[in-house]
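Respectively, the protein sequence lines represent chains S and G. According to the UniProt record's numbering, the first sequence is numbered sequentially starting from 1. According to the UniProt record's numbering, the second sequence is numbered sequentially starting from 1.
It cannot be assumed that every hint is accurate.
The calculated lysine-lysine pairs, modelled on DSS-like cross-linking and capped at a C-alpha distance of 27 Å, are [stated by the list, open to error]:
1. G/K141 x S/K106
2. S/K106 x S/K150
3. G/K198 x S/K150
4. S/K103 x S/K150
5. S/K150 x S/K138
6. G/K141 x S/K103
7. S/K103 x S/K138
Restraint ranges, calculated between C-beta atoms of paired labels, are given here [unchecked claim]:
8. G/S140 x S/I176: 28 to 38 Å
9. G/R60 x S/L192: 44 to 54 Å
10. S/L126 x G/V76: 46 to 56 Å
It should be emphasised that the hints constitute simulated quantities derived from the structure, not laboratory data. For clarity, every value in this text was computed on a predicted model and none was experimentally measured. Cβ coordinates follow ideal geometry from the N, Cα and C atoms, glycine included.
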Amino acid sequence: MVSQVKIPTLTDAVVRKRGKTIIGPVDLALPRDGFTILLGPNGSGKTTLLRLLHGVERLSAGQLTWATSEALARARQAYVFQSPTILRRTVAQNLAYPLQLVKTPKAEIAAQVADWAARIGLDGALERYAPRLSGGEKQKLALARALIRKPEVLFLDEPSANLDGRATREIEALLIATHQQGTRIVMATHDLGQARRLASDVLFMLRGRIHERGQAPEIFNAPETPQLRAFLDGDIVE
Amino acid sequence: MEDIWAGLSAAFQLIGTGDPDLIEITLRSIQVSFSALVIACLIALPLGTWLAVRRFRFRRATIAVLNAMMGLPPVVVGLIVYLLLSRSGPFGVLGLLFTPTAMIIAQVIIITPLIASITHQAMRELWAEYHDLLISLNTSKGQRIATLIRDGRRNLLTAALAGFGRAIGEVGAIMIVGGNIDHATRVLTTAIALETGKGDFALALGLGFVLISLALLVNLAIHTLSRTERDGRW
Ligand SMILES: Nc1ncnc2c1ncn2[C@@H]1O[C@H](COP(=O)(O)OP(=O)(O)OP(=O)(O)O)[C@@H](O)[C@H]1O
Ligand SMILES: [Mg+2]
Numbered sequence: 001m002v003s004q005v006k007i008p009t010l011t012d013a014v015v016r017k018r019g020k021t022i023i024g025p026v027d028l029a030l031p032r033d034g035f036t037i038l039l040g041p042n043g044s045g046k047t048t049l050l051r052l053l054h055g056v057e058r059l060s061a062g063q064l065t066w067a068t069s070e071a072l073a074r075a076r077q078a079y080v081f082q083s084p085t086i087l088r089r090t091v092a093q094n095l096a097y098p099l100q101l102v103k104t105p106k107a108e109i110a111a112q113v114a115d116w117a118a119r120i121g122l123d124g125a126l127e128r129y130a131p132r133l134s135g136g137e138k139q140k141l142a143l144a145r146a147l148i149r150k151p152e153v154l155f156l157d158e159p160s161a162n163l164d165g166r167a168t169r170e171i172e173a174l175l176i177a178t179h180q181q182g183t184r185i186v187m188a189t190h191d192l193g194q195a196r197r198l199a200s201d202v203l204f205m206l207r208g209r210i211h212e213r214g215q216a217p218e219i220f221n222a223p224e225t226p227q228l229r230a231f232l233d234g235d236i237v238e
Numbered sequence: 001m002e003d004i005w006a007g008l009s010a011a012f013q014l015i016g017t018g019d020p021d022l023i024e025i026t027l028r029s030i031q032v033s034f035s036a037l038v039i040a041c042l043i044a045l046p047l048g049t050w051l052a053v054r055r056f057r058f059r060r061a062t063i064a065v066l067n068a069m070m071g072l073p074p075v076v077v078g079l080i081v082y083l084l085l086s087r088s089g090p091f092g093v094l095g096l097l098f099t100p101t102a103m104i105i106a107q108v109i110i111i112t113p114l115i116a117s118i119t120h121q122a123m124r125e126l127w128a129e130y131h132d133l134l135i136s137l138n139t140s141k142g143q144r145i146a147t148l149i150r151d152g153r154r155n156l157l158t159a160a161l162a163g164f165g166r167a168i169g170e171v172g173a174i175m176i177v178g179g180n181i182d183h184a185t186r187v188l189t190t191a192i193a194l195e196t197g198k199g200d201f202a203l204a205l206g207l208g209f210v211l212i213s214l215a216l217l218v219n220l221a222i223h224t225l226s227r228t229e230r231d232g233r234w
């Protein structure tokens, strides 16, 4: 189902803000399939890297190359932000929004909205004003809204940060199903248990650079660098 | 005290019996201010939204000018419009001085900066909130503006109502450019000023009640809007 890599390749990529280097230099070519997990301490650059790959962050130096045209790739991507943006509309209208943008027929939208609302347990709340939802409900809504256009690539920035254990498992089940249907997923998380449950490969970030990367079982069972070892043990990594 | 009571009862009588003068003046007031509102909104709502969304060279300067214009004393606006429209002024040939059109022009100048400024403020907040999502969803420019206007519609309406409230209660500028001519340019505020000067408190108070009711209605509408905002209705 995934025909082309819809994630850009980074070459010597650098992002600077106010004179401070936030990312880089980073070289990164992600495989076309898989569930990539981004790990790293606060401020290590996970969010910035995701935004860069999604095409919403500007490079200060280096290159970002798309296998297909950027416009085409961007149309097939979705992103769930660390603090989800909820439209000042009802739950149903939030879910419908991405479909309306691409001129989906009304009946199709209604069916999709009902389906996705049920999957995230908000089918009883379709007409509620979405900004009044709880933090966890908002997060689930943002995820469903990102998935509703069936993206080929999905970027997730800590999608279960505000969720309790049960909701976290619901989200994970949803993500696994999405991945099995062929969606390429890149996700940042602070939840190591979740990383172990979901990852096919891991990028460990430290101070704006990719400090270590590898396939999932090896990364968790035999980390090479002392920093990653410390991080996985829950120690403070500088 | 006597005067006030006599005035009050006479005022209610005028309102109760639907005094033709009172009705004429009220309708003209609404007509002038509503026309000014429509024109001002056509300028200010797009301008305010545009200032919020676009980064361009003279953006800050434009905002500064807008804020400065908000502080213009209406009397001075009246004076300037008077000079422009007077027989010897650049637009004298149009013969607009002492017509409702002149009053509309003055009111447009007074309320456009106010509406644009409130719009800008509200739209800037909304844009900051929506920016990443709209970019991420690959929206076109048109779709972004449409989304902001749709989801900011309460704020836009509030801005418009504030403009209307200012226009309908304004007296200095329209007195100068309209001339307060009976059956031609007399509106609520100028009539009140005149009748008070003449000592005819009945009509002045009657007009005053109408004006207060209109102002209250506008404020009630703004209040209701901000409540539906919190409750998230429509
Ligand atoms: N607009 C900005 N201006 C200045 N500094 C920024 C900006 N955006 C991010 N940074 C800095 O860049 C660094 C990396 O930020 P980023 O959000 O990518 O980290 P992160 O790994 O996602 O952290 P967290 O785990 O807390 O979400 C941080 O030190 C942050 O303060
Ligand atoms: Mg982050």
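Checked hints:
no.: 1; hint: G/K141 x S/K106; in the structure: holds, 23 Å
no.: 2; hint: S/K106 x S/K150; in the structure: holds, 17 Å
no.: 3; hint: G/K198 x S/K150; in the structure: violated, 75 Å
no.: 4; hint: S/K103 x S/K150; in the structure: holds, 15 Å
no.: 5; hint: S/K150 x S/K138; in the structure: holds, 19 Å
no.: 6; hint: G/K141 x S/K103; in the structure: holds, 16 Å
no.: 7; hint: S/K103 x S/K138; in the structure: holds, 25 Å
no.: 8; hint: G/S140 x S/I176: 28 to 38 Å; in the structure: holds, 34 Å
no.: 9; hint: G/R60 x S/L192: 44 to 54 Å; in the structure: holds, 47 Å
no.: 10; hint: S/L126 x G/V76: 46 to 56 Å; in the structure: holds, 54 Å
The structure shown violates just one earlier hint, number 3.
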